[in-house]
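Quick mapping for you: the protein sequence lines, in order, are chains A and B.
According to the numbering used here, the stretch in the first sequence is residues 1 to 241, in order.
According to the numbering used here, the stretch in the second sequence is residues 1 to 241, in order.
Just so you know, not all the hints are guaranteed correct.
[Stated by the list, open to error] The following residues of chain A were derived to be distant from chain B, with all beta-carbon distances above 12 Å:
1) E51
2) H180
3) E212
[To be verified] Covered, in the sense of this in silico footprint (three residues per stretch, anywhere, with C-beta under 8 Å from a C-beta of chain B), are these stretches of chain A:
4) 57-70
5) 190-200
6) 215-227
[What the hints assert, rightly or not] Here's a subset of chain B near chain A, in silico, CB distances under 8 Å, partners left out:
7) W176
8) E218
9) C219
10) W224
Since the hints were derived computationally from the structure, they do not count as laboratory data.
No residue lacks a Cβ here, since even glycine has one placed at the ideal position from N, Cα and C.
Number of protein chains: 2
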Amino acid sequence: MRPRWKGKGAEAKALADPMSEIVSQLQSSLLQSNACALLSGCSVLLAVETEQTELLTRACFGKPIITAEKDKQWFQLGLEEAFYLCYSLKCLKIAGEDNFVKNDVDLWLYMKLKKEKFPDFYKAYSHLRMKNWVLRPGLQYGVDFVAYRHHPSLVHSEYAVIVLSEEGDAGRLRVWSDFHCTIRLCGSVAKTLLMLNVDKNGHGAISPSCLERYSVEECTITRWSPEQSRDDQKASENGAK
Amino acid sequence: MRPRWKGKGAEAKALADPMSEIVSQLQSSLLQSNACALLSGCSVLLAVETEQTELLTRACFGKPIITAEKDKQWFQLGLEEAFYLCYSLKCLKIAGEDNFVKNDVDLWLYMKLKKEKFPDFYKAYSHLRMKNWVLRPGLQYGVDFVAYRHHPSLVHSEYAVIVLSEEGDAGRLRVWSDFHCTIRLCGSVAKTLLMLNVDKNGHGAISPSCLERYSVEECTITRWSPEQSRDDQKASENGAK
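The following block holds chain A by itself, in its conformation from the complex:
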């Protein structure tokens, strides 16, 4: 399936304005302002100025919250988003409810406590973000994330991402009914199902340093029709398949 750009010129616009560039602008801007966010349950709150508001929006981190404050814009970041800015991009500090800045390990433990699968989810999130894929929550499609080639205002999400780990059979896609239900759903919303299997390679999750030892196996799953593949031979050779 090809990327579905939103209207004419969207692709050119995306190519001219690479996500890697936008993210590094955001990174240096947050560094300069010595930005600090606040833990708040399962999300992280960050107050920024106009310039950073624009950068956070263009880089697609978090969502703005309407407040009474005129001079500041608040953003609500998901756990993976916040930890990515803090631990991977090193451009955000995060303070706990006690207003003291947490170190990486404490932050990791806090997030693990709030979200059991956080280590796997974070590995998957950072794995794709580092490759400049834009990730948003996949809740409305019943998956873990949706992945965009560029900003959602320019392109539809291409992949419905499910994060799998070896741990037990509690996970997704263990039974065929779930499997096919998910594949069909993805097809109906023109997304490809992308499975990221996070393998901890025997390393635990006691600290974020374990992340380097995790590996990620990716595969896409697509419904297949015997007729289509034969009749449209030409079409399929042109990549329309």
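Assemble the complex: chain A is given as a structure, and chain B must be docked to it using the hints.
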């Protein structure tokens, strides 16, 4: 992945000589000669004249066996191949070791006895054969079948086929290691992994008439690389991905 034709002109040759046509020639020829094969353990032996030798070869059923007989050519058919000619194409009779022609139900029971997963394998085999895919045993790739767009002399096999059924967890691809091993193997031999999940929909396998009630869900699984999908954007749009 596109079909990999064997040398120039192979594709044109295949298009000019559709498999459906070849198979129906074989069908009428076997009907005319009132062909009868013999059960022999896990395979079925068929003796044919020169014309049918050529048709069986072109339609890619069974493999020729060298014998001392000058006037006849013997073919060794797999269980699915033989049952397809007998039950689905109705152009072959099959006699048991007692030399009496077996009816469909007895034949079905015999084959089930020889091969526990025969009902699922046959459903998968016939499902693809009816769509004019050519199937050969997949043993050498550690899969159930390999599927060709046309005769193996013209094109490389495109799909490595694994047949899955709901029954128990004894089946393939239940653990990630097996899953990834299979996907990687398929990649290394330039085949796409095609999973056919045969659902008996609660109907047993007491007689071949159950086959009509079975349904088949197909999906392909492909390894995915985050870089490739982004960097080669153009290439992937041309279907090279």
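The hints, checked one at a time:
Chain B leaves A:E51 outside its interface by the beta-carbon criterion, the shortest separation being 27 Å against a cut-off of 12 Å. Non-interface call for A:H180 relative to chain B: violated, since the shortest CB-CB distance, roughly 5 Å, does not exceed 12 Å. With 12 Å as the threshold on Cβ separation, the claim that A:E212 sits away from chain B holds: the shortest Cβ distance comes to roughly 17 Å. For the segment 57-70 of chain A, the proposed coverage by chain B is not satisfied: 0 residues have a C-beta within less than 8 Å of a C-beta in that chain, short of the threshold of three.
With a cut-off of 8 Å between beta carbons, the segment 190-200 of chain A has 3 residues touching chain B; three or more are needed, and the interface restraint holds. For the segment 215-227 of chain A, the stated coverage by chain B holds: 11 residues have a C-beta nearer than 8 Å to a C-beta of that chain, and at least 3 were required. Interface hint at B:W176: satisfied, since its Cβ lies 6 Å from the closest Cβ of chain A, which is below the 8 Å cut-off. Taking 8 Å as the C-beta contact cut-off toward chain A, the hint placing B:E218 at the interface holds, the least distance being around 4 Å.
Nearest Cβ of chain A to the Cβ of B:C219: about 5 Å, under the 8 Å cut. The hint holds. Because the beta carbon of B:W224 sits about 4 Å from the nearest beta carbon in chain A, less than 8 Å, this interface hint is met.
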